[in-house]
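Peer 1: Heads up: the sequence shown at position 116 corresponds to 116 in the numbering used here, and the numbers run straight through without jumps.
No lab work stands behind these hints, which were simulated from the structure alone. Think of the CB as a built atom: it goes at the ideal place given N, C-alpha and C, for glycine as much as any other residue. Do not take every clue at face value.
[What the hints assert, rightly or not] Computed list of lysine-lysine pairs in DSSO-like fashion (alpha-carbon distance at most 30 Å, straight line):
#1 K280 - K184
#2 K248 - K217
#3 K184 - K267
#4 K217 - K267
#5 K248 - K280
#6 K184 - K241
#7 K267 - K241
#8 K241 - K159
[Stated by the list, open to error] Now the in silico label distances, taken between C-beta atoms and shown as ranges:
#9 A307 - G128: 54 to 60 Å
#10 A140 - E170: 43 to 49 Å
#11 E232 - H183: 25 to 31 Å
#12 A289 - A244: 23 to 29 Å
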Amino acid sequence: MSFGVFLAVTSVVAVFVAVATYLVFRARHTRLKAAADEPLADIASRLISVLATAGMVVDNSLTVLRATNSAIALGLVSGRTIRSPEIRALVRETQDSSTTNSVDFELPLSEGGDIRYLHARAVTIGSGVVLVLVEDNTEARDFESIRRDFIANVTHEIKTPIGAIALLSEAMEGALDDPTRMHKFADNLRRETRRVSTLITEIIQLSRVETSNILAKAKPANIGVVVREALERTVVIADAKDIAVNAKYPDDIFVMGDRELLTVAVKNLVENAIQYSGRKQAVGVGVTARNGHVDIIVTDQGVGIPADEQSRVFERFYRVDESRDRTTGGTGLGLSLVKHIALSHRGEVTLFSQPGVGSTFTIRLPRLVDTAKENARE
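Model the full assembly from the supplied sequences, consistent with the hints where possible.
Peer 2: Next up, the structure:
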């Protein structure tokens, strides 16, 4: 190739590169200019279309230009109209302001039904157009209420046995010369101490179940081993009331989960059945597997639970019979712990009971498939 030809080719390439570069920059400038010229209301409308929370874009006549599905589902918007008087007032206030405004309000979902607690924020985005975003704080509010109630209940439950321990200690000082009274006070002291220890243990277990992903570290658990260990932990209280615990369970059924927590759940049900049964009555424990589920069933012939109380027995610190539960040493957390352990294992716990006949509690859990079961290690 001659030098002249080389220069000619080089010049053509340079011109081509220059033209291509110009076209690229021109296209980019055109896109940026188009974006700059696009009305802010349209931009905001496109943005809120991808939001998971409730939101809307409203013009200066209070007409809704765009609303999210969440806003429509909550009933904040109907067509082009704002149905919430609180949001209408917020939009009017914001149109006359250059700042972001907000309001907290309650939204009844139905007459006499649930209430949602909402927080709305609004800002003007130009020409009287207002962007409104709404947060649903109902769960956070409910959680805070539950937390306050839980702390209050824990404080009360711990205060009671600690007060009893203090009184018993004082009484023992005045009964040093009376072995019979000293023995009685010592027994009571041990009972109250055990009650405090059990309460603290159950609070820690409940906290673990509610705040941890149990299945993240789950392992195959043999339900036969779970039931056997649970029964071993209730031998003493069963013997004290001369109650026979009749158990029937296979040794080849597995679930995925935390074996210790599952043992605690079954132990709590058996212990509860023994405590609310009369002397020399029978308690039954059985395990069945069908349709991909495992049922752990605990039955008693005790006092039973009234129908209007059955929906509440799994609540924290709820007691059907307050005075009786005090004498049995119950903490009021046992059944709540059973419920949360079952839920954390993708299961459930159910109750069938008749006053004067007895109660049946059933923990239902997903059964581990055979291929995984074969690799289980105990």
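Peer 1: All hints, please: hold or fail.
Peer 2: A quick look at each hint next to the structure:
1. For the suggested pair K280 and K184, the alpha carbons sit about 25 Å apart, so the restraint of at most 30 Å is met.
2. As the CA atoms of K248 and K217 are separated by approximately 29 Å, the hinted pair is consistent with the 30 Å bound.
3. The hinted pair formed by K184 and K267 meets the criterion: a straight-line CA distance of about 28 Å does not exceed 30 Å.
4. Between K217 and K267, the direct Cα distance comes to roughly 22 Å. Compliance with the 30 Å bound is thereby established for this hinted pair.
5. Simply put, K248 and K280 have alpha-carbon atoms about 19 Å apart, close enough for the 30 Å limit, and the pair holds.
6. A distance of roughly 19 Å separates the Cα atoms of K184 and K241; the hinted pair therefore holds under the 30 Å criterion.
7. For the proposed pair K267 and K241, the alpha carbon gap of about 16 Å is at most 30 Å, so the pair holds.
8. Restraint check for K241 and K159: satisfied, since their Cα atoms lie roughly 29 Å apart, inside the 30 Å limit.
9. Our hint of 54 to 60 Å for A307 and G128 holds, since their Cβ atoms are close to 59 Å apart.
10. Here the CB-CB span from A140 to E170 is close to 45 Å, well matched to the stated 43 to 49 Å.
11. Taking the beta carbon of each, E232 and H183 are about 29 Å apart, inside 25 to 31 Å as hinted.
12. Between A289 and A244 the CB atoms are about 25 Å apart, so this pair conforms to the stated range of 23 to 29 Å.
In this structure, every one of the numbered hints holds.
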